[in-house]
Amino acid sequence: MRAVLRLIEYDLKNFFRYKWWLAGLISMNLADLLIMAVVYSHMVSPEITEQIRSYFSFFAPGVTVVGLFASAFMIGREVNMEVRRQIHHYMLSLPITRFELAFGRLLAGGLRGMVYMSPLLLTTFIFVGFPTFPQLLTILGALFLLATGISGLSIATAVSTTSFEKFVTARGLVYYILFFCSSIFYPLSLIQTLGQEGIMPQPIVILAELNPLSSGADLIRSFLMGTPAFELNMIRNLVVFSLIFVTTATYAYMKIVERR
Amino acid sequence: MRKLLFVVERDLRTFLQFKVLIIMRGIWFAAQVAFFGLIASRMVVPELADIYFEYYIAGVVVMTLYSSSVFIGYDLFEEAEHGVFEYLLSLPISRKELVVGRSIGGGVRSFIFVGPIIAIALYVIGLANPVNLLIALSALFLFAFGVSGMSITIAVSLKSGDRFDILMGVVNALIVRLSTTMYPQSFVQRASGTYAIISQFNPVTFASDLFRWGAGIERYLTMNPMPLAAIVGLVIFFFTFTLIGVTIYERRLEGGGWQ
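Sequences listed follow chains A and B, in order.
Heads up, the first sequence is in this note's numbering, so the first residue is 137 and it goes up one at a time.
Heads up, the second sequence is in this note's numbering, so the first residue is 919 and it goes up one at a time.
Just chain B, with the same shape it has in the complex (with noise of 0.2 Å):
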């Protein structure tokens, strides 16, 4: 337990340097609300005017989340470019407790980032009720470990800085815009029922109805019985992911051919 919390004791440092990203991210969740949530919410049907700038005020906050948790796969990069990788092998470490830390670490390392955009965020929406929030909160750590352990295990497995980049590049626009983040489901299900069917089983979507139903945003959710279904949803993909990510992070971690 003690080595699980020196790896993401060390995950969560080297997160600091990343100052560009943070900032970067920072100036990007502010023009997503002042623009284009502001603007889009006048654009709207009426039915959906009334709360759109809320809705997706949340649904960018899950987008935030989301694509800091990924940032852990591009560390891996770095490190296999500097030799750190070989360092980190010759540790007293079991490959197990590398994974399950570095997941950890990349899932707490987004949640310290994400915290003031969800305290500004709250702030514009209002706290309805905070046991809800809590449980919410709680679940989304989960979305959080999953969403790492995913870029960890891609990582790993694609062994290539470019090709990563590319692909989460693809996965983040997929994932996002066939969730439920920018638009509520019965949107998506009057666009295209294969889109609405992706968008139930996917994990960002999920995480966008939990953060909602937290925040007291209960129109328009996707899963149902809330907040169960979203919990259950977020523990499978939590599990599928670290589970894959440890066996695949043992079977690829040695015998170098990192691009």
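The following block holds chain A by itself, in its conformation from the complex (with noise of 0.2 Å):
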């Protein structure tokens, strides 16, 4: 455990070597919000605003996990990067368990994502409301999860590769997938009806009902504003995510750093 934490502490202390990242990320967030989201709210129909209350209060959630998904999914650029430098050669040296290695950086991709998240999520509180303090833990848990999900799937397509252009192509491809298959930027319930009008392929229409990005921005979403009403679906969602990506992510690290 203690080896855990050795980890998880080198790995946020690499993370805010990034400040300049850090800092451009939060601004391009922030001008999603204060500007796109502001704009949009004057723009879109009575009919889905009576859904939403103001497409301002809607995408509040959805920028945050925005966010932790950038951020979380960074980890998988540094993993990337210490496989074709055979960095992990080094670690491979330490004195921890492969399983404490793999394990220590995918909690600290989830972690990186939550401490990055954290001044999102207030901001969204100050505008949306505040939850009550079960609620509060509860999105909490919820995103820790997600988080953690989302620096496995990283993980995972980082050693999958070690051609840092490939990296990068699949690592555009998940977030155009997930980002816009989700209710990130529009209500399920429209997914949902173009789906109904053969609009949409039923394909995408599921994927953005099981997208692990959709339940956790519904789910603050839910405790904040009541709509989407909760669901135990969108907690199942994010447990079955993170279970997949954390086993995948750990095995397939404990794998990479010890191929020749």
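Please note that a few of the clues may not be correct.
Using 25 Å as the maximum straight-line C-alpha spacing, the simulated DSS-like pairs for lysine-lysine come out as follows [said to hold, decoys possible]:
#, chain 1, residue 1, chain 2, residue 2
1, B, Lys1077, B, Lys1014
2, B, Lys1014, B, Lys937
3, A, Lys391, A, Lys302
4, B, Lys1077, A, Lys155
5, A, Lys302, B, Lys937
Taking beta-carbon pairs under 8 Å as the criterion, some of the chain A residues facing chain B (in silico) [as the list claims (entries may be wrong)]:
#, residue
6, His178
7, Ser181
8, Ala365
9, Leu368
Part of the chain B face toward chain A, derived, beta carbon under 8 Å [to be verified]:
#, residue
10, Ile941
11, Met942
12, Ala958
13, Met961
14, Leu966
15, Pro1048
16, Leu1076
17, Asp1080
18, Gly1087
19, Arg1095
Because the hints were derived from the structure by calculation, they are not lab data.
Model, not experiment: these values are computed from the prediction.
In this text, a Cβ means the ideal position worked out from N, Cα and C, and glycines have one as well.
From the two separate chains plus the hints, produce the assembled complex.
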């Protein structure tokens, strides 16, 4: 356990070395919220506004999840760089078991996401409303599950290729599919309606429903805005996503660091 | 003139090496159109709903043109890292020719990259008036050159890859969101008077208006009279950044200090 904590400390210290990157990312997220969402609030039809209170309130939890995703995914970039430059040989020489090494990196990636996301979540609370204490604990727990799953997804992607270009392409593909096929930018009901009309293919609709980013954003909305209604499915999706990618990434990372 | 063409040709060849960037932008365009554009058009007020999908696609074309024109700045850092700058300085080409050639090269290669995207966009939107479209595309060349010049100016001023990357990310976030690429000016005005003023004098707004005008989406144009107002705006933008770029490039190119 101590070794895992050391690894978390190592990765968190690395994270804060990227001050410029963090400043840039946060300003982009705030630009999305304070400019794009404000303008869209005046553009969204009254029928949709009835469902979501206002686009600004609707989007604030979405941008929190976007920030969480981008920062938790960053660990993959470092892992990919370590694999390419074979720095993992040094890691293997440390008095840490393979499992601790893999699990520590995973948790660190998740915690980075939580640290980065905190000011965005606080901004959401200030603008949209504060949850009760049990709701706050549920939100933090759910977002931690999401962050750890994203960290796992990122590490699994990073170790599956030694080419940085392929990693960047795969990352872009994952980003765009998960961001746009989710309820981050628009209510899930709209995607479902397009699915019923045959405009949106059913697999896309199912992906949007099961997407952990949809579950994370909708869970925050359900507590702060009361819409959509809270469902246990949201937690279930996050647990399943986290379990799958924590297991896959731990196994893949352990295998890759032992490879000659 | 021949030397200038050599610089342009070199930048065009360099761009084709960035296959990942080209694939990524292609995926981004597809995701923006097939998901965000389609779904957001169902979300907006009725007065805008019938036209919003086409309106948004035109905006995405201009966003893609902007982001691919910016990419030339990243090339400068690659060259500094690999010591190519010293080689370029040793060539029998003046500094002015080098920077103007690079701005043009950056603009032309963005156009080559955006070409297929423009074709897809026009297939979806339809083509109302080919003459208007030609005028608009010609003016958009100036926009691409201007953005390349702006990217070179910022890269050479900062001389730090990390800072450039972040600053361009922030500039991109602000310049695109405070423009009419995603929403008409009247809605920006309703949201905030300050946003509306910035949006009205934003080169990305000029470019979006021109492309929409060229493609026949004439409702919700910001500039008046069209196309003159937007073209004048783009000409000013182009000359400002080309002149500033030439001056700064000449002064800052030598002496190292790249990080």
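* Does the structure break any of the earlier hints, and which numbers would those be? -> 2, 8, 9, 15, 16
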